[in-house]
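**Student:** Keeping their order, the protein sequence lines are chains S and V.
With the first letter of the first sequence counted as 1, position 598 gets the number 598 in UniProt numbering; the numbers rise by one all the way through.
With the first letter of the second sequence counted as 1, position 11 gets the number 11 in UniProt numbering; the numbers rise by one all the way through.
Derived by calculation from the structure, the hints in this document are not laboratory data.
As the structure is a prediction and not an experimental result, all values here were calculated from the model.
Here a beta-carbon is modelled for each residue, glycine too, at the ideal position from N, C-alpha and C.
Among the clues, some could well be false.
Quick list of the computed label-pair ranges, beta carbon to beta carbon [said to hold, decoys possible]:
#1 V:48 with S:436: 30 to 40 Å
#2 S:9 with V:328: 24 to 34 Å
#3 V:176 with S:556: 40 to 50 Å
#4 S:389 with V:48: 32 to 42 Å
#5 V:144 with S:779: 17 to 27 Å
#6 S:779 with V:24: 28 to 38 Å
#7 V:175 with S:347: 48 to 58 Å
#8 S:315 with V:184: 30 to 40 Å
Here's the letter readout for the chains.
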Amino acid sequence: MTVREIFETMDYGTAPESATDALAWIAGTGPRFGHFLGGAYREAGETFETRNPATGEVLAEITQGTAEDVEAAVAAARAAQPGWEGLGGKGRARVLYAIARLVQKHSRLFAVLESLEGGKPIRESRDIDIPLVARHFYHHAGLAQLFDTENAGRKAWGVCGQIVPWNFPLLMLAWKIAPALAAGNTVVLKPAEWTSLTALLFGDICRQAGLPEGVVNIVTGDGETGAALVASDIDKVAFTGSTDVGRKIREATAGRGLGLTLELGGKSPYIVFEDADLDSAVEGLVDAIWFNGGQVCCAGSRLLVQEGIAEAFHAKLKARMDKLRVGDPLDKSIDVGAIVDPEQLSRIRALVDGTDEGEIHRAACEIPEGCFYPPTLVTGLSQASRLMQEEIFGPVLVSTTFRTPSEAVQIANDTRYGLAASLWSENINTCLDIAPKIAAGVVWINGTNMFDAAAGFGGVRESGFGREGGPEGLEAYMRPLHRGDALEKAAAATGEATEPQSVDRTAKLYVGGKQARPDGGYARAVFDARGTLIGQAPIGNRKDVRNAVEAARGASGWAGATAHNRAQVIYYIGENLAARAEEFAARLDRMKGGTDGKREVETAVDRLFTWAAWADKFGGEVRSVPIRGTALAMREPVGVIGAICPDEAPLLGLVSVMAPAIAMGNRVVLVASEPHPLAATDFYQILDTSDLPGGVANILTGSHAELAPVLAAHMDVEAVWSFSSTDLSAEIERRAAGNLKRTWVNDGRGRDWFGPAGEDRAFLGHATEVKTVWVPWGA
Amino acid sequence: MTHTATATTHPLPQIAEPRNPGTALDLDRVMRATANRSAIERRAATLPGRRSVKKAHQAAWLARAISCIDLTTLSGDDTAGRVARLCGKAKAPVRRDILEALDLPDLTVGAVCVYHDMIAPAVRHLDGSGIPVAAVSTGFPAGLSPFHLRLAEIGESVSAGASEIDIVISRRHVLTGDWQALYDEMRAFRQACGEAHVKAILATGELGTLRNVARASLVCMMAGADFIKTSTGKEGVNATLPVSLVMMRAIRDYHDWTGIRVGYKPAGGISKAKDAITYLALVKEELGDRWLRPDLFRFGASSLLGDIERQLEHHLTGAYSAAWRHALA
Numbered sequence: 001m002t003v004r005e006i007f008e009t010m011d012y013g014t015a016p017e018s019a020t021d022a023l024a025w026i027a028g029t030g031p032r033f034g035h036f037l038g039g040a041y042r043e044a045g046e047t048f049e050t051r052n053p054a055t056g057e058v059l060a061e062i063t064q065g066t067a068e069d070v071e072a073a074v075a076a077a078r079a080a081q082p083g084w085e086g087l088g089g090k091g092r093a094r095v096l097y098a099i100a101r102l103v104q105k106h107s108r109l110f111a112v113l114e115s116l117e118g119g120k121p122i123r124e125s126r127d128i129d130i131p132l133v134a135r136h137f138y139h140h141a142g143l144a145q146l147f148d149t150e151n152a153g154r155k156a157w158g159v160c161g162q163i164v165p166w167n168f169p170l171l172m173l174a175w176k177i178a179p180a181l182a183a184g185n186t187v188v189l190k191p192a193e194w195t196s197l198t199a200l201l202f203g204d205i206c207r208q209a210g211l212p213e214g215v216v217n218i219v220t221g222d223g224e225t226g227a228a229l230v231a232s233d234i235d236k237v238a239f240t241g242s243t244d245v246g247r248k249i250r251e252a253t254a255g256r257g258l259g260l261t262l263e264l265g266g267k268s269p270y271i272v273f274e275d276a277d278l279d280s281a282v283e284g285l286v287d288a289i290w291f292n293g294g295q296v297c298c299a300g301s302r303l304l305v306q307e308g309i310a311e312a313f314h315a316k317l318k319a320r321m322d323k324l325r326v327g328d329p330l331d332k333s334i335d336v337g338a339i340v341d342p343e344q345l346s347r348i349r350a351l352v353d354g355t356d357e358g359e360i361h362r363a364a365c366e367i368p369e370g371c372f373y374p375p376t377l378v379t380g381l382s383q384a385s386r387l388m389q390e391e392i393f394g395p396v397l398v399s400t401t402f403r404t405p406s407e408a409v410q411i412a413n414d415t416r417y418g419l420a421a422s423l424w425s426e427n428i429n430t431c432l433d434i435a436p437k438i439a440a441g442v443v444w445i446n447g448t449n450m451f452d453a454a455a456g457f458g459g460v461r462e463s464g465f466g467r468e469g470g471p472e473g474l475e476a477y478m479r480p481l482h483r484g485d486a487l488e489k490a491a492a493a494t495g496e497a498t499e500p501q502s503v504d505r506t507a508k509l510y511v512g513g514k515q516a517r518p519d520g521g522y523a524r525a526v527f528d529a530r531g532t533l534i535g536q537a538p539i540g541n542r543k544d545v546r547n548a549v550e551a552a553r554g555a556s557g558w559a560g561a562t563a564h565n566r567a568q569v570i571y572y573i574g575e576n577l578a579a580r581a582e583e584f585a586a587r588l589d590r591m592k593g594g595t596d597g598k599r600e601v602e603t604a605v606d607r608l609f610t611w612a613a614w615a616d617k618f619g620g621e622v623r624s625v626p627i628r629g630t631a632l633a634m635r636e637p638v639g640v641i642g643a644i645c646p647d648e649a650p651l652l653g654l655v656s657v658m659a660p661a662i663a664m665g666n667r668v669v670l671v672a673s674e675p676h677p678l679a680a681t682d683f684y685q686i687l688d689t690s691d692l693p694g695g696v697a698n699i700l701t702g703s704h705a706e707l708a709p710v711l712a713a714h715m716d717v718e719a720v721w722s723f724s725s726t727d728l729s730a731e732i733e734r735r736a737a738g739n740l741k742r743t744w745v746n747d748g749r750g751r752d753w754f755g756p757a758g759e760d761r762a763f764l765g766h767a768t769e770v771k772t773v774w775v776p777w778g779a
Numbered sequence: 001m002t003h004t005a006t007a008t009t010h011p012l013p014q015i016a017e018p019r020n021p022g023t024a025l026d027l028d029r030v031m032r033a034t035a036n037r038s039a040i041e042r043r044a045a046t047l048p049g050r051r052s053v054k055k056a057h058q059a060a061w062l063a064r065a066i067s068c069i070d071l072t073t074l075s076g077d078d079t080a081g082r083v084a085r086l087c088g089k090a091k092a093p094v095r096r097d098i099l100e101a102l103d104l105p106d107l108t109v110g111a112v113c114v115y116h117d118m119i120a121p122a123v124r125h126l127d128g129s130g131i132p133v134a135a136v137s138t139g140f141p142a143g144l145s146p147f148h149l150r151l152a153e154i155g156e157s158v159s160a161g162a163s164e165i166d167i168v169i170s171r172r173h174v175l176t177g178d179w180q181a182l183y184d185e186m187r188a189f190r191q192a193c194g195e196a197h198v199k200a201i202l203a204t205g206e207l208g209t210l211r212n213v214a215r216a217s218l219v220c221m222m223a224g225a226d227f228i229k230t231s232t233g234k235e236g237v238n239a240t241l242p243v244s245l246v247m248m249r250a251i252r253d254y255h256d257w258t259g260i261r262v263g264y265k266p267a268g269g270i271s272k273a274k275d276a277i278t279y280l281a282l283v284k285e286e287l288g289d290r291w292l293r294p295d296l297f298r299f300g301a302s303s304l305l306g307d308i309e310r311q312l313e314h315h316l317t318g319a320y321s322a323a324w325r326h327a328l329a
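In isolation and in its complexed conformation, chain S is listed as follows (with noise of 0.2 Å):
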């Protein structure tokens, strides 16, 4: 076209980036490429091919890693540790900002290379993606400088298997990386098999800062190499992707004492009062679910939009998508590139293909031939509908209708998932009154899709657990520098010697505020040490953890209470417990034998009386974040917490793991010692007259072997901790993978539930989530 044509059509034409200098290193480098493993790229062995999605041309070939490589890398990874956790804090932060450096020096070939392989427009790679690679490093280099003062207790995992996904290459990479190195972890990290170049070059950079070999390895591969590096010799697992690897990846990590986090899929709401600025809403849905064409676990999927603006919205939206440049991903002028693989497309088809429900606008741009999906809004769904529901992980948007900011808030939470979630409202009261009510980890406030290294991002519910970014992330890959001792299971005393009481006393369980028997109405009885019957014990069963459950859920007012409230609470429950101390420490010595009890009575009030202190002294923080605004960084409760108590305190147990959990706001489902369960149901009588409202402490008693499962399995509840004797860590993780609920468990080993360990800083953050909520302003 002429100018003088131009001049009239005023279009955009073309504005490609160059692919030469990234083309030009994918030749050098490889084009076949093999690990990058102990310092080294590795002959290529058995490969496959990698696509640019926008064009369908081979740009390299990359290897499928087998078990043998991953066992070859954890290998270098291990040998590496020591040295480089050694190195200290402040050597660390050295090389972490090399890295930072050479990131910004090479931004341009990264963003390059990613929008080649990905499919991405380069405006994303080149300033999105790339800039917070470098910034995560930057504050990683930070974190690492100031490790070893701030993390007194603390230790490297050791080896870190890290899998990533393909929708943000480089960026995941950096946000596991970063903190694994900071804290003092090796990695070996696996790339999605779409999407293992930026890694590889990555590797490059690695070497070019002076890391030393073998800190971080890249084994490229399919999710069979992922399947390998889960089942290798490692010590702690991150994962990025979709729920059901996740869920796989949890059951196959099981028992085996690693630590684990899990960044999973979302169908995040984004909700619109009426309220709010309708332009800049519709502006924010843009970068919402059409940032890296909806390929984004946590987008702005799911639109709930106030019913009364719902139709102005809607055209408004509708005119908007119209306007979306799609096509040639190096395009600069181009807003939605290619979907990442045929694969993924057919996906996306499908689904939305499948429905037969809601209106369907596509967005009237011009769509390129090859691996793309036009940008697309479906009006006029219920809640049923099974697109309002599946997380489609494509340009696709699905709306929905609500009347009222309680409605917003039930249809927001009616999901599997809880990534995120986008408010929209120039009211702040209404933005701030939704905000902690949302079940997400992620809340933006008149915004969307903001992240930053030192604000935490990750999920509730099926969205996974665990934080990137913040303290919060870096706390993910440490563990407690000292490890308790092997734990013997517990056995119950026996005997036959009866004693008769004068009036008999029967024990109950505690379910939301009452005794109540058991549902199999079948008993235990309980000797004392000499072999001396003291009472019955229920035993509970599977519908006893079901009321317990629903009885802890109906009580979900107690999050809501004031923390000074809840202190006031637990305060008073120490004081009732400490005016009945001496009955209860007879109780105990009469239970386990030896005069320990009062000391165990005495330490239980102390513990309840420091709980109850850190009630109102643990709400977050608020991150410095690089916007005009801040980000919260708030400490949710968890919610339900089901809690298999340690055996060998009977009451000092319990209270430790009730108390901070309660304290922060959570309702707990609370299995008593189960060769000392009297104690536990000695103590109900406390909690009935201490203000306590009925379901948030339940008290079961009965086989930790039989209720564990149940627990650990049931749907309605957000974490089990366990600190039994009995073996039960593995069975708990495993069936932990149905909800993807947090776990906590001791595998098999002691604490001191008298020293410091008993009341260790850990309940706190075991009772909470951190919920970032973004809030930018502007008057």
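Position chain V against the provided structure of chain S, taking the given hints into account.
**Tutor:** The following block gives chain V in isolation, referenced to the frame of chain S:
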């Protein structure tokens, strides 16, 4: 699109589009208007990275920018001679050989913008060129002279030959939320303009919030403004992308509501060719191609043209240009 723009480079506004007759003051609509500053700034900040025009497209877009310039001089020391030079530049904004190479030999700027006393020499020097003369009016830039004098000033300027009148609104009406007063004032200005087109200068740098900008934009359009314009060029902060976004969205809403296209003029502070392209992209994205014509879009600028000329020469020669190779404005 209901209307196809003609290929002329300087159509008088009234020729291409029906004028905005205005509406009754719809206070519900005014009060519903809102603007989220952070979100708007994010959009504005990322736009230059989202749209890029290269080579022939860049040259064409820059030529289009020239066609939309209100070439302006608003100084206390303006003289007939100074205005003559400006008018010469308005008629031949780019060196002849460059325009011929671009095959745009008839390219001119959109209008010449002066103070009242300079209207006569401007009209004289532009005679036969088809380039309209715009005059700033109503006690420009503060707008605090007696109301009847402000009205009279409009009449004088129209009589003197100005076909476009850039009025300034009373900022205090916006700052105190007296939308009725703003509406009445604008109505009166519009009426005083008669056949001349009226551009409402909001002086956005003095309105305090983007929400005020959104509301003032709507009120002025309801009162019949043909164009809404950001600034006098004399405020501390003049045209910005966030303000432009808010005003363009108000124009879009008004069009959706009434079917009437109101024009947009950012003024002050736009001096680089690259900025001009960003503004044009913003217009294209938010309002659509129809607005990329001088009857609906103007740059209020004095030094922008010089930078564009250098870029156009670079486009043709591949060598970076120098200011002295192009005629002074």
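**Student:** Quick one: which hint numbers does this structure break? Sort them smallest to largest.
**Tutor:** No hint contradicted; all consistent.
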